[in-house]
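K.L.:
Given next are the chains, with one letter for each unit.
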Amino acid sequence: MADTSRLRTGDLLSLASLGLRMRRLRAALSALGIAIGIAAIVGVLGITQSSESDLLGQIDRLGTNLLTVQNGHTFNGAEANLPVTAPAMIGHMPAVDHVAATSLLSPSIYRTDLVPGYESGGIGVRAADSALLATLDGSLLQGTFLNAATARYPVVVLGFGAARYLGIDRLDQPTHVWIAHRWFTVIGIMDRLPLAPEIDQSVLVGWPIAQSALGFNGYPTRIYVRTITSQTSAVDALLAATADPQDPEQVAVSRPSDALAARLAVQSSSTSLILGLGAIALLVGGLGIANVMFVSVLERRSEIGLRRALGATRGHIAAQFLAEALLLSTLGGILGVAAGIVATAGYATSRNWSILVPPISIWAALSAAIVVGAVAGLYPAIRAARLLPTQALRST
Amino acid sequence: MTAAMIELQKVGHRYPGQPAVESLRDVDLIIHAGELVAVMGPSGSGKTTLLHIVGTLDRPTSGTVRIAGLNVSGMSDRELSGFRAARLGFVFQQFFLLDGMSVLDNVAAGLLYRGLDPASRRRAALEALDRVGLGHRLRHRPGQLSGGERQRTAIARAIAGRPAVVLADEPTGNLDSLSGAGIVDALRDLNRDGTTVIVITHSPVVAGAMHRTIEIKDGRIEADSDG
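Quick note, the sequences are listed as chains A and B, same order. The opening residue of the first sequence carries number 1 in the numbering used here; numbering runs sequentially from there. The opening residue of the second sequence carries number 397 in the numbering used here; numbering runs sequentially from there.
Hints listed in this document are in silico derivations from the structure and should not be mistaken for laboratory results. For every residue, glycine included, the Cβ atom is placed at its ideal position computed from N, Cα and C. Hints are all accurate, no fakes.
If you want the footprint, here are the derived chain A segments under chain B, 3+ residues with CB under 8 Å:
| hint | segment |
| --- | --- |
| 1 | 5-14 |
| 2 | 17-25 |
| 3 | 300-312 |
Listed below are several chain B residues computed to face chain A (Cβ distance under 10 Å; list not exhaustive):
| hint | residue |
| --- | --- |
| 4 | 479 |
| 5 | 494 |
| 6 | 497 |
Required output: the full structure, derived from the provided sequences and hints.
P.N.:
Put into C-alpha cells, the structure is as follows:
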C-alpha cells in the first residue's frame, strides 16, 4: 500500500504567507528593496515614453520640413553675409513653399533711452521678411506681424524671449523701444518658436526701414526655407548651390527639427543608464530576499523538523520556502509597479504630457521581480529541504 | 497479544565523526499493536535515536525496521514522509507549536500533508481537541495557553490523523507534575482507544503509569519489563 504525502496548492499559498505574517516588518523591508528597483524601472520607462511621445508630437506639430541657410564661415559664432540674391534664388526652387530672409544687425536695443549703452542683454535686432511668420508657422501673442506697409516704418515685432527680457507683455498702451537713437513702436509680440530659438531672442524690424534708418547693407545672414515635406531632403541637397552658386562650400544648411530628434537620442541613452541603476537595485533587493530567507530557514529549523515529522516531503519544504520568496518578490514587484505608475503620472502631469506607461514595462518588471525572487529563494529552499529531520528537531 | 506493530532486528546506529558515536547497538525489540510503552534511560543512552528510528525520522546504520508489517528500511525519503503522514503521530518536549496560528489551526496543520481539504482538517482537529479536553480553547494562540494546555494541543495535533502509533519524546519534561499528570492521562486515554503509544521519559512516575518499561543504557536494552 502506498501512503503518500500530498500538499494542496491553496495550502502551499497560505504556508508561503505564514512566514511573512509572523515577521511583517522584516517582510516589508525586504520587499521594499525589490519595490524600489521595480519602481525605478517602471517609472523611468513610463516617464521616458511619456516625454518621447510629447517630443514626437512637438516634432510632428512643428514639422520636419523647415531648413535654415547660413554662411558657414562665421566668426565667433556671429552670422556672416549670404548673397543678396539667395532668397530669390531659393524661392524659385520647385519644392519650396516659403522663403524668408533675416539679417542680424549691429545696433543694440533698449527699453528706454536712459539705459546705459552696454546693457543690451543678449537681445539682437534683426531685419526680417514679412514672410517670416508664415515660413516659421509662428503665431502672435499680441498685435500683428510686419507686412509690406509697416515694414517701411519704425515699428518692431518682439520675439518671445526678447519681449520677456524687455518686460513687455501687453500692447494696449502705445509701447516703444529705443534702437540706434530712435524710438520704434512695438506692434506685435510673437509666441515661442521652438525651431528658431534665435528669433525668440530677437527684435524684428522691416527690411526697408533697416536699410533707411539702421544702416543695413541688404545682405541676408540667415534664410528660413519651408519645403514640401516629402521633398525636404532633395531641397536640402541643392540648397547650398542655389544660395551661393559661386561658393557653395561657404553655405551651411541645417534642419532645426534634427536638434529635437537628437534630444530623443540623448534621452534614450540616459534612460539606459537609469534602467541599469534600477537593475542594480533589483539585484540588491534580490540579495536582501536571499538573506532574509537564509535567516528564516535558520530560525525555523524546528518548524521544518516538525513538518517533516508531520509527513512533509523534502519537496514540500523546498516549495514552502521558495513560495515565500516568490511571494515576497511579487509583492515587492506589485508595489514597485504601482509606485512607478504614480511617479510617471505625477511627473507627466506636472509637464502637461499625456501619461504613457508601456504595458510591456509592467509585465517585464513583474517577471523580473518573480525571476529575482525565484533565484533568491532557490538556494535557501534547497538548504531547508536538505536538513535532516533529526538535525532540524535537535533544538538549540 | 496481537501482531507486532514495531519490530527492530539487530538495529545499530552510529553518528559519523571523530570519534564516531555508537548510539544504538544490536537492538532487538518487538512492540505489539495497542501497547503502552515507556522508554527510560540516562541522557545520551540512545532513547531519542531509538524513537527517531521507530518514527522513520532517522535510518539505522544496520539491522532492519518493520512497522505495521512494512519494511521501512528500504523506503525512499518520499515514501517515508507519506508513511509518517498517514500512520505516525509525534509529541515533542518543546511542543513545537506555531505562534502565528490559533490552537485549532495548529492542530489542523497535523493533517496538512495528507492532502485533505481545509474543512475536513478542521473537523478532525475539533474532534482531537475535544478528546484532549481543549474544546474551549480553539481560537487562542499557543502563547496564551499554559504549558500543560500547549502539550495537550500538541497531542491533539499528533492524533488528529488517527495514527496507529504515537511517539512522545519526554512530553512532560517541560511541565510541572500536575500538568504532567494530565498529559499522562491523555496518553493513557489514547492507548485505551487502541493506539500504540511509546513514551520517552526520565520520570519514574510517568513510566509507572505505562504498561511496559524498556530501559536503555549505552545504546543497548538493559531491561524490559515485558522481556
